[in-house]
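Protein chains in written order, with the numbering used here: chain A, 1 to 426; chain B, 1 to 425.
Among the hints, erroneous ones may be present.
[What the hints assert, rightly or not] Think about it this way: if two alpha-carbon atoms lie no more than 25 angstroms apart in a straight line, the pair counts; the simulated DSS-like pairs of lysine-lysine are:
no.	chain 1	residue 1	chain 2	residue 2
1	B	Lys144	A	Lys329
2	A	Lys282	B	Lys338
3	B	Lys252	A	Lys298
4	B	Lys300	A	Lys8
5	B	Lys344	A	Lys8
6	A	Lys133	B	Lys331
7	A	Lys282	A	Lys339
8	A	Lys8	B	Lys25
9	B	Lys145	B	Lys252
10	B	Lys25	A	Lys33
11	A	Lys133	B	Lys338
12	B	Lys25	A	Lys29
13	A	Lys282	A	Lys42
14	B	Lys105	A	Lys353
15	B	Lys105	A	Lys298
16	A	Lys265	A	Lys282
17	A	Lys33	B	Lys22
18	B	Lys105	A	Lys362
19	A	Lys133	B	Lys300
20	A	Lys362	B	Lys25
21	A	Lys329	A	Lys339
22	A	Lys135	B	Lys144
23	A	Lys360	B	Lys105
24	A	Lys2	A	Lys42
25	A	Lys339	A	Lys245
26	A	Lys135	B	Lys300
27	B	Lys145	A	Lys329
28	A	Lys360	B	Lys25
29	B	Lys22	A	Lys362
30	B	Lys300	A	Lys183
31	A	Lys360	B	Lys22
32	B	Lys22	A	Lys29
[Said to hold, decoys possible] Over 12 angstroms on every C-beta distance to chain A, these chain B residues come out as not near it, computed from the model:
no.	residue
33	Thr121
34	Asn127
35	Leu173
36	Gln244
37	Asp312
38	Ala345
39	Gly401
40	Glu404
These are computed hints drawn from the structure, not numbers from a lab.
Glycine included, each C-beta is placed from N, C-alpha and C at the ideal position.
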Amino acid sequence: MKQIHYDKLQETLYHEVMDNGLQVYVLPKPAFKKTYATFATKYGSVDNHFKVAGGEETTVPDGIAHFLEHKMFEEPEGDIFATFASNGASANAFTSFDQTVYLFSATENIETNLTTLVDFVQRPYFTDENVEKEKGIIGQEINMYADNPDWRVYFGLIEAMYAKHPVHIDIAGTIESIATITKETLYTCYNSFYHPSNMLLFVVGGVDPEQVFELIRNNQAAKSYEKQGEITRIFEEEPVQVAEKHQESRLAVSMPKCLFGFKEKVEGLTGEAAVRRDLITKLMLDLLLGSSTALYQKLYDEELISDSFGHEFNSSPQYAFSAIGGDTKDPGLLLERIKEEINAVLESGFAEKDFERARKKKIGGYLRMLNSPESIAHEFTRYQFRGGDLFEVLPIYESITLDEVNTRLHDHVDWEQLAVSLVVSP
Amino acid sequence: MTNNGFQHGNAAGMRIHVLPTKAFKTFAISLYAGVPLDESTVTSTALAPFVLRRGTATYPETTQFRERLEELYGAGFGFDIYKRGDYQIVQFRMDTINDSFVQSKESLLGESFAFLGEVLTRPLLENGSFRASYVATERETVRKKLEAIVNDKIRYAAERCIEEMCRQEPYRLHPLGQRADLDGITPENLYESYTAWLNGAILDLYVVGDTTPEEVEKLVIRHFGRAHKQSESYTSNFKPVTVQEVRTVEEKLDVNQGKLNMGLRTSITYKDDRYASALMYNGILGGYPHSKLFVNVREKESLAYYASSRYDGHKGIGTIQSGIETQNYGKAVDIIRKQLDELKAGNISDLELSQTKAMIRNLLSEIQDSAFELISFDFNRQLSGKDRSAQELLAEVDGIGAEEVKAAADTFQLDTIYFLTGKGE
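Produce the complete structure using the sequences and hints provided.
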């Protein structure tokens, strides 16, 4: 058991790698009643074409990582939710582009619940019948998202940007793609990506670290895993330019939704370099478009944007893009005005005092996030899978310079790389 | 979790509730202002906080206002407007990091109070009323928000169901007000209604963090100094409704998935001694993934991705929501009604009871870990007049058996079935 103390944050993290390769982290929060645990695999919707050392190259149906997540909850003796409920735990799971996360939160029976979490994820049970049954449920989930304009406009943007990279494929797949999923394809994905060496367990709350490690050590030692070779994820080459400049979908909305962003040329960044690039980019976007900027206030007073106007930056070693926008009565005019205003900032650059204020805001936001066990677990795992460390963010924020932010602005804003996605009423 | 740990007092006409704790890296502040939900004031009450967030005497321009929050290490500031029983509540929130984590020259708690006090009591005034451009823009903002409800079909269907069920009561009103009223609002009459609102509202101020009641009291007197008359208490004029006939409402919109919502009436409210049985009833019916609705509508029949129920103890209503293929409407209604009947018949297993108790226990215990959850729980007590700690509620839940749940089921009567369906049908 390794202990890492973060003095400024007043937090101590404990870490151990199990013999089978499973990474286990524990963050004790003695003042907290609840324990929150996530068990994550570095496997998400983009991992649809892969090869495990010694195995065959495989392509699997769209939406299968998410389908697998649903199916893990079924055990020979029934639904695992019932077992969690008997022990007072609230359980859930989610699938993103690059990870699948199983979780629970509970205030009692922590050891039992941890065992349940680890065991159910390490015990797949797929039958022809239960796979078919799930298609109806996920079909309704897909339909629900199809009616959600925010989801539509977001995926529309990624579809406009990416021609080849599977990030443009909806995480749940389509009714047609999930129709082809069988228990065999599920087992193939399970066996490739749910090996302990591809997974991370994070426990935060009122727990004793040594007790948790002891429990997990014994639990893992009782299961036999053969050593697994490296997983190679295969991605077709993605063109630098956007696939389409403009994408439009139709849904009943009170006002058009307009989301736009810049697709970046990627350089395969990982580890601290990637974390630093992400933090700088997010700081830069906030300085450019945040709700305290002159640009934001002008567009708000012109009634071109509303409180829904926001921005984000999403990246992996193979993709990096911003998504900016919200509801607007006139997407064309909004884009025209945004371009004028952003070009003016490109000329002037950011001011030192604005930069210092934005940095303070980011540091405050980061510290506030550390109140939430859920956020800590999710963010920590996300950073770890990228080779970064969530608890080393503060020194990075403190070392960012205005020059770096101004340089990032010029690198990111390239009008040739702009894509726009709209949702408008039929 | 013994008694919720808040120390209660009064200052500047407000009730003050302070929970001193070192458990969080922040100070959490909530100010609740409640007025009776009323057609004549609902819109101006909703609009006022939008105008207040645009500028104050010290920070007249919105960019200055927001820059100030950023200087306070990105202090969180926001407000929510919602209904609780027959009251319209405006809740202002601030969330500021504890100074000990940063090298701050100012006391962040003190500065947060200064800010919140200013927002509420010293708005930007021009010629004795609000700045006209702020009122005009925020009127449009509220209008857009009201119009945008339809974008989220799940929320739209839930709100429409309540609106239909409570069409004869103030509760039909949307907490953001009525679109038709917006045009008649001017800077002058809005300023008048803001003044009346501030003088008439029931005010509760909460602080959770590393502080003391004495410190908070001083800050309140300094920054909310304007003399308010002493806040009154919330009162309830709840009258149980007897349902004569289940009413079905169908609405057509361009949707892929149908939204099936139901509204139920119960005589049990938050302050009722049977409150714990109503919580258990809702938990067994549809509060969790082990509940009857999830198991029967989703797991057994694959009809839906979500199927759940909620219970609102301040209004004495229950709601059910699910998203289904439109052609499965009849089947889904039958299955859901069958679950309601099962509960009325007392078909409740020991396992359902013990699982639901464990889940409610978890929910109530988890409140401890979130400053704003602690605040919301204690505010229920101000709202209902019922003094019952989480611990006491837990003990009550623990004592509930199938008989009590069955008795609670008898008070839940289906009132309205609302179905949002596609236009293509």
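Violated constraints from the hint list, given by number and in increasing order:
Numbers 2, 3, 4, 5, 15, 22, in rising order.
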